[in-house]
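Engineer: So the protein lines, in turn, are chains A and B. Residue 1 is where the first sequence starts when you use my numbering, and the numbers rise one by one after that. Residue 1 is where the second sequence starts when you use my numbering, and the numbers rise one by one after that.
No lab work stands behind these hints: they were computed from the structure. Mixed in with the good hints there might be a few duds.
Under the rule of at most 30 Å between Cα atoms (straight-line distance), these lysine-lysine pairs were calculated in the DSBU-like manner [said to hold, decoys possible]: (1) LYS49(A) - LYS64(B); (2) LYS129(B) - LYS212(A); (3) LYS221(B) - LYS116(A); (4) LYS176(A) - LYS2(A).
Covered by chain B, per the in silico footprint, the following chain A stretches (three or more residues, Cβ under 8 Å) [to be verified]: (5) 20-26; (6) 123-136.
Fair warning: this is a prediction, and the values are worked out from it, not measured in the lab. Note that CB positions come from ideal geometry on N, CA and C, so glycine has one too.
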Amino acid sequence: MKGFWHDAVEFFPILMNGVALTIIVTIGSLLLSTVLGLIWAMMRVSGIKALSMLSASLINVIRGIPIIVLLFYLYFVMPDLGVTLSALQAAILGLGIAYSAYQAENFRAGIEAIDKGQIEAAQSIGMGWWLTMRRVVLPQAVRIVLPPYGNVMIMMLKDSSQASTITVAELALQGKLIASSTFKNTSVFTLVALMYLTMSIPLILLVRHFEKRAGKK
Amino acid sequence: MIELNDVHKSFGQNEVLKGITASVQKGEVVCIIGPSGSGKSTILRCINGLEGYDRGEISVEGLKVDRDAPSIVNIRTQVSMVFQRFNLFPHRTVLENVVEGPLFVKKEPRAQVLERGRALLAQVGLAEKADAHPPQLSGGQQQRVAIARALAMQPKAILFDEPTSALDPELVGDVLGVMRKLADDGMTMVVVTHEMGFARDVADRVLFIDGGVIVEQGPAKALLNQPQHPRTQDFLRRVLHPL
Numbered sequence: 001m002k003g004f005w006h007d008a009v010e011f012f013p014i015l016m017n018g019v020a021l022t023i024i025v026t027i028g029s030l031l032l033s034t035v036l037g038l039i040w041a042m043m044r045v046s047g048i049k050a051l052s053m054l055s056a057s058l059i060n061v062i063r064g065i066p067i068i069v070l071l072f073y074l075y076f077v078m079p080d081l082g083v084t085l086s087a088l089q090a091a092i093l094g095l096g097i098a099y100s101a102y103q104a105e106n107f108r109a110g111i112e113a114i115d116k117g118q119i120e121a122a123q124s125i126g127m128g129w130w131l132t133m134r135r136v137v138l139p140q141a142v143r144i145v146l147p148p149y150g151n152v153m154i155m156m157l158k159d160s161s162q163a164s165t166i167t168v169a170e171l172a173l174q175g176k177l178i179a180s181s182t183f184k185n186t187s188v189f190t191l192v193a194l195m196y197l198t199m200s201i202p203l204i205l206l207v208r209h210f211e212k213r214a215g216k217k
Numbered sequence: 001m002i003e004l005n006d007v008h009k010s011f012g013q014n015e016v017l018k019g020i021t022a023s024v025q026k027g028e029v030v031c032i033i034g035p036s037g038s039g040k041s042t043i044l045r046c047i048n049g050l051e052g053y054d055r056g057e058i059s060v061e062g063l064k065v066d067r068d069a070p071s072i073v074n075i076r077t078q079v080s081m082v083f084q085r086f087n088l089f090p091h092r093t094v095l096e097n098v099v100e101g102p103l104f105v106k107k108e109p110r111a112q113v114l115e116r117g118r119a120l121l122a123q124v125g126l127a128e129k130a131d132a133h134p135p136q137l138s139g140g141q142q143q144r145v146a147i148a149r150a151l152a153m154q155p156k157a158i159l160f161d162e163p164t165s166a167l168d169p170e171l172v173g174d175v176l177g178v179m180r181k182l183a184d185d186g187m188t189m190v191v192v193t194h195e196m197g198f199a200r201d202v203a204d205r206v207l208f209i210d211g212g213v214i215v216e217q218g219p220a221k222a223l224l225n226q227p228q229h230p231r232t233q234d235f236l237r238r239v240l241h242p243l
């Protein structure tokens, strides 16, 4: 135990560099997946058949490809096509795209849960599609969507570790590098696990808060 | 002001409107009565384009109702609607519900709209509820807010789709009272209702609809007191004397 504390003090600063990258990857891909997911969801519910089908196929293609393969593709294949991305850019882009499919399905479910009478009331005072979405549907859908959205945040935080496969030195890779050069596997990976857990707990509490609020109405 | 000419409408195989021809003059109060499933509500929903229709023509002040044309916004801002289940926006306050359309659709000046909104809430007897949220109100109060919301658009006519059917019996009177006052003030109204007392006292004309056609129409008192068609007689007997 004493050895662990000693190792912890020694490795903590290096692992914190990893934490910084983990947070950057998580927030970056969270923002990207939210924006893309909203676009896919809007296309799905637009009532325009071509848009809706395009979005449905996109979502299925994205869902059908493992995140790690998507990352490899962006990082190793795109340069052959003349697009060179940094490891960090590829990680954010890959995770953002991969998660946009889940975000889209979540958003769509939230939008479709809104009572049809709400949409008719909006139409009856002359609102068009976009105004109805912005003023009536989306503000109400947010409450429904938030708890699953929080869960996606937690999953993204943990899945950001997949960025290590394309050399982003985030927390997991930073830990692996230290462990393989010092052989202190137990200390290092315990520390890494605790650091992920520390970051997850506020998010878990946030989800609980969202769930309570959504349940209250 | 509102003209329907041989309007047909089907849901799949089921033809719900089989050639409706009717008109509503400016300042007139027309009640539509009939058994459930007869197509009464569908007529209202076609007039402001919530539903499309298959054949015939509907026009409002000479403008053809076509829910796929941009002009539908024009029609909807002139013909307001009050729904059976109120359909207030639960995430906005009562006052925000009332001013939503004038502010965001008609883009009228804010101060002016807010003042009008408060005046309308006072008119329906709910001035003190301006900052409450709809779920905190009783059904009768919510429906009066919905009427204020419809009035805030300064419409030329208001469509009422069974406005008291979802209310507890003791709350019906308040809503009908507000509607009666509107009628007295000369508002053009088309009301789908089961309230025969209201139809008799307030309506100028009554249409009896059954099976997607107008079976009988005429001045309210005459039609309700001396119905001519056997189906009208049968319907009224069952509504007025259910036992």
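Engineer: Evaluate each hint against the coordinates.
Structural biologist: Now for the hints, and whether the structure bears them out:
1. LYS49(A) - LYS64(B): Holds - the C-alpha atoms of LYS64(B) and LYS49(A) are around 26 Å apart, at most 30 Å.
2. LYS129(B) - LYS212(A): Measuring from Cα to Cα gives roughly 27 Å; hence the hint holds.
3. LYS221(B) - LYS116(A): violated, 37 Å
4. LYS176(A) - LYS2(A): holds, 22 Å
5. 20-26: violated (count 0)
6. 123-136: holds (count 9)
In summary, the numbered hints that this structure violates are 3 and 5.
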